[in-house]
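Protein sequences, first through last, are from chains L, D, A, G, F and P. Note that the first sequence ends on residue 345 in my numbering; no numbers are left out. Note that the second sequence ends on residue 345 in my numbering; no numbers are left out. Note that the third sequence ends on residue 345 in my numbering; no numbers are left out. Note that the fourth sequence ends on residue 345 in my numbering; no numbers are left out. Note that the fifth sequence ends on residue 345 in my numbering; no numbers are left out. Note that the sixth sequence ends on residue 345 in my numbering; no numbers are left out.
Please keep in mind that the hints were generated in silico from the structure rather than gathered at the bench. Honestly, I wouldn't trust all of these hints.
Copies of the same chain look alike in the list, so a pair counts if it fits in one copy or across any two.
[Unchecked claim] Calculated lysine-lysine pairs in the DSSO-like style (CA-CA distance at most 30 Å, straight line):
1. K185 - K155
2. K178 - K299
3. K185 - K209
4. K118 - K157
5. K118 - K178
6. K185 - K299
7. K155 - K118
8. K185 - K246
9. K118 - K299
10. K246 - K178
11. K178 - K157
12. K178 - K209
Chain by chain, the residues:
There are 6 protein chains.
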Amino acid sequence: MDYIRQNRANNALRTVKIIPNYLMSPEGSVLIEFGNTKVICTATVEETVPSFLKGKEQGWITAEYGMLPRSTGVRMKREAASGKQGGRTVEIQRLIGRSLRAACDLTKLGERQIIIDCDVIQADGGTRCASITGGFVALSLAINKLLHDNQLTENPLLMQIAAVSVGVVGGVPLLDLDYIEDSGCDSDINVIMGNNGKIVEIQGTAEGAAFNTQELTQLLGLAEIGITQLFDLQQQVLTSVQAA
Amino acid sequence: MDYIRQNRANNALRTVKIIPNYLMSPEGSVLIEFGNTKVICTATVEETVPSFLKGKEQGWITAEYGMLPRSTGVRMKREAASGKQGGRTVEIQRLIGRSLRAACDLTKLGERQIIIDCDVIQADGGTRCASITGGFVALSLAINKLLHDNQLTENPLLMQIAAVSVGVVGGVPLLDLDYIEDSGCDSDINVIMGNNGKIVEIQGTAEGAAFNTQELTQLLGLAEIGITQLFDLQQQVLTSVQAA
Amino acid sequence: MDYIRQNRANNALRTVKIIPNYLMSPEGSVLIEFGNTKVICTATVEETVPSFLKGKEQGWITAEYGMLPRSTGVRMKREAASGKQGGRTVEIQRLIGRSLRAACDLTKLGERQIIIDCDVIQADGGTRCASITGGFVALSLAINKLLHDNQLTENPLLMQIAAVSVGVVGGVPLLDLDYIEDSGCDSDINVIMGNNGKIVEIQGTAEGAAFNTQELTQLLGLAEIGITQLFDLQQQVLTSVQAA
Amino acid sequence: MDYIRQNRANNALRTVKIIPNYLMSPEGSVLIEFGNTKVICTATVEETVPSFLKGKEQGWITAEYGMLPRSTGVRMKREAASGKQGGRTVEIQRLIGRSLRAACDLTKLGERQIIIDCDVIQADGGTRCASITGGFVALSLAINKLLHDNQLTENPLLMQIAAVSVGVVGGVPLLDLDYIEDSGCDSDINVIMGNNGKIVEIQGTAEGAAFNTQELTQLLGLAEIGITQLFDLQQQVLTSVQAA
Amino acid sequence: MDYIRQNRANNALRTVKIIPNYLMSPEGSVLIEFGNTKVICTATVEETVPSFLKGKEQGWITAEYGMLPRSTGVRMKREAASGKQGGRTVEIQRLIGRSLRAACDLTKLGERQIIIDCDVIQADGGTRCASITGGFVALSLAINKLLHDNQLTENPLLMQIAAVSVGVVGGVPLLDLDYIEDSGCDSDINVIMGNNGKIVEIQGTAEGAAFNTQELTQLLGLAEIGITQLFDLQQQVLTSVQAA
Amino acid sequence: MDYIRQNRANNALRTVKIIPNYLMSPEGSVLIEFGNTKVICTATVEETVPSFLKGKEQGWITAEYGMLPRSTGVRMKREAASGKQGGRTVEIQRLIGRSLRAACDLTKLGERQIIIDCDVIQADGGTRCASITGGFVALSLAINKLLHDNQLTENPLLMQIAAVSVGVVGGVPLLDLDYIEDSGCDSDINVIMGNNGKIVEIQGTAEGAAFNTQELTQLLGLAEIGITQLFDLQQQVLTSVQAA
């Protein structure tokens, strides 16, 4: 029998909230919630670039990701105590960094680096997508501050970036999987898109049951529905801050 | 000229808030705020003890401490990425662990371990004291759950524990220093007390100007004023949860 | 002006070679070449499973990936000397592991683990795809040995797995990018498929120029052409070994 | 029944010895003994400062602490082999560094760093206090050498620093606890004072039984008795070296 | 009963092969085989020297050594994953570096470093000797390239260097031990010589049965027989490349 | 002109002292001095064996080596703080372990491990030879204790082991090189012998000028002179302890 989702439609996002300027110190910060998933995203501007970019007249955007030990049902070992970041962490923070760099003309950023820190306070599926979606808002807030302070004269952002997961659970294609759906799913695809309608990154995994091109196309359609709503929310939040 | 504190009396705490059950997964959790300082404290119950206690018919309480990279004004390097916890982190988490073990008859805890994770979301001075004060509430919530679930028949907690910093700034003794006061202070003492009126831990540092026994006594008096109020708040929070 | 590929058609693989039983000790091993890219893949059978699978009556397949320091044009730091595996390495070895687990019914593997080591001797683009394609053959050889030795009575492999990269270079969709094409490409997608015609993993990146669903579909078509040829070659190699 | 100390009065130090210039290479060195506790303290002068002090026209004093694996009854793992310094080590070396910096006007030290290495050859309680007391002498010897060599024209030392532990064992307040007393003690306080009669650092721990302000005052009185004697001994040793 | 060697004389090398320019990127590279032992040796020229040689008007030669996890009968843990190089690895790579530096007048190398990477593809005894013998050829190829490109005007190489193991197995002195002979041997000596007839390094180990000076002399005679043949082979290979 | 040694003959050891039972806790301990070189050697008996020997009915002897940061003229970085043991340390501790294992019938040691810790207090050349020579005495003291306590009924030691360095300085063969001689030497050989007159380990290095078999034989003769004296001293010390 097919999976029947409770409380929301198969093509519906969970309740998404973005609280801008959540912390007092960072150049940009948000608390983003995808249902019970809660991530603090901050943007830090540093007036330096990594050594491999020294003298190349461009900036850089990078990301780091972490989870509080009890963001999850079973306590995860604190990576700082273990002495290294796990493979999943490394994989996710590289994805966040690449996705946000795709949003930006780095040559217009000047010789500075923006670090996006995404720290998961509570995890219920979709933490990397929430991190990218919230990370874009934190990045925008930091860039708006640079523009406001005349450290930048031109906005280097090319487009909005947002992300959502889609997957097939018990034969049913679903948008924005929570942890239980994600654990039991046949296939799981994270889609990162720009508001030019193009895909910036796609990561699909099917340890359970693989998918063919047609099913992939159907899931991408679902993703586009969700991401369009996330673009609207990002825009509202950024507008409300500008107005304030 | 002596330092003049704005907005509150020299013997006043900042606004302190404790939100219990802040996260959905841990056996106990709070968000504690000392003014702008915000720390998430969680208590995790594990049905095992560290190897040095195997077969000794007692439990253990330990603590881990971390700061989000942008909890501070200047971004701190993520310890998970650096590959180790810094000296200050190690020093603080050992203090939290010792302080909370002092609150507990470990032989009555059974062969289990409770891990207190204290993660600083925003730092404005006093993070270790907030961690201990909030950590005690998280610990109590977890123990109440064990009692409620009949995994414990007797409460192993001996007393309440809370902590506050005191110090001399510009010649003036102050209670509960914020970051700016702490940075400019002559001497800085963290006092951890039980509600039996006794001192459990004391850590005093005077890189600027040392203090004599009489001045120490005066600062301990200030600390006792603050800690008494923290005991009341802890009690209110725990009672409200029990009633719920 | 559009990119014009030299020496092979846009939808052609480079010369692919697979030398089975390349090393004398491993239960399975190959040297696989995609043009100038050369990877040694070995399969090691261990009669134990990772601790998270103890007692669960299933096996496990995992992978490790490395590059010789001078497999590349500029010498890479030896990861053993640096003290950790870089993010790219971690990302790739997790991909190889997931891809090969998708080929196998782990419950039929018994409580044993097969480790696939992929070591790049020479790198000219597509090392992860060569690793997966060659890793599958090494895995098959090891499983055939277990069957031959009566340690397995039923073949746990569900299907063949192979992988290839596709991408758009200078506006032109291409199959199996070499290093120079990869460096200059607008978008780059690694496609891992089973011989049931389904996609097992997909990883697409577009730091340069994003792609839409239609372009993605076109690239997946190219990938399918290449992977089909890789399935044939894998089959020939495995048959030749069986016959020997 | 109260604890009865053998061989010495409750307010007596163990036999303390300081052998100056114990090693041939360091700018300053001592072997210090508190009874069976033996620590080699060396002072190394480096004509550079840590990066956070570059260009600030001041010097720095820092400390490192270690124990030989068999300085203790049960062999401790060698920290160099474990790959990191334990929490206790970190805590102690930070304490030594802060204590000795309090003795010095760092702006008069010039842009140089003095590193105090404290290596415990044999441990019988009080190693951190012996390290601070001996470390001060090593530091003084190194500074005297800088003065003698005209690398400094003014002595940057503001006062003498020494340290001792006090504690309550079986209800009895004691000065300078040895290992057995320390293990069985109700509370244990390390007091670091300057010869201006002020407390520079205080670290009190009471996992067993906490203490109130009055008891603390009594223990501080005991500490002052011991530290006064340590100041005399430090002075004698330094004078004897100057005379030589 | 004395050990009887199969297939070759007691004073015979295994079949030795050296394939020059084995990889396309390094300045020098070979695949060297001592029987079933196969090592890839590469030489990388870097136009910089380690910091301890900055400004000293000389060059440096260093070596790194690694084994593929399944170069051996039982899989070895990947050192990059373990987070550090084992003691044996460190010992061997220091030996290779010292041996090759002895072949070179470093002051004639200019302020550049040549890194010799020796990666064992398959191990059957004698990997360090094969690494030194092959490493010398890779080094020579890289230096010949520097001479050819006019980056060097004078050849800094002083002599040829080669290495072989000798040992006593079951009472019988043998040249060039394979893994089984090495495992069962009474004593095992690695001899590294220059073609001036002198010993550059000698490492002898006798966990089983020690040797006296006379036996040592006898084994050195055996080593010289083998090394003389290795010098000839090195020379042939280098000449054939020059001719090409 | 040839090098002229001051104060002692070319075939003379420096003043060697061995103080037995130097520390109160270890099962065996000595302070050994070769002139200004001072090393504390301790032997720790653990009633367990490394995992690779579990159930093999034999014991194990291993060694660890360290240097105090200011044992040398220029301060060395503390390896515990650096996070790993350097290559030289690893090389030396492996040599010490192998040398001492050669002295012992491990099957007669029972399933226990003896750890020899060698910590250099002051370094003036020859620290590895002093460590082996002193380590043998510490090992003997520990084994004598096991025999005395009836934990062993038969002495597993097969012979005495001692070590000395020999080398050619300015053309002159010398016994027992100090640091200055070692730094300027043409070739340097560490010889480890048993009192059966056989060589247990030999490590010869000639970065400066290589040596031929005849020169090696001459240096071995020098080594034998020194080691014979070290055997006598070891014997005297052990006898004096037995008598006490």
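Verification of the supplied hints:
no.: 1; hint: K185 - K155; in the structure: both (27 Å within a copy, 25 Å between copies)
no.: 2; hint: K178 - K299; in the structure: neither (37 Å within a copy, 34 Å between copies)
no.: 3; hint: K185 - K209; in the structure: neither (34 Å within a copy, 34 Å between copies)
no.: 4; hint: K118 - K157; in the structure: neither (38 Å within a copy, 40 Å between copies)
no.: 5; hint: K118 - K178; in the structure: both (28 Å within a copy, 28 Å between copies)
no.: 6; hint: K185 - K299; in the structure: neither (35 Å within a copy, 35 Å between copies)
no.: 7; hint: K155 - K118; in the structure: neither (38 Å within a copy, 41 Å between copies)
no.: 8; hint: K185 - K246; in the structure: neither (33 Å within a copy, 33 Å between copies)
no.: 9; hint: K118 - K299; in the structure: within (24 Å within a copy, 36 Å between copies)
no.: 10; hint: K246 - K178; in the structure: between (36 Å within a copy, 23 Å between copies)
no.: 11; hint: K178 - K157; in the structure: between (39 Å within a copy, 23 Å between copies)
no.: 12; hint: K178 - K209; in the structure: between (40 Å within a copy, 26 Å between copies)
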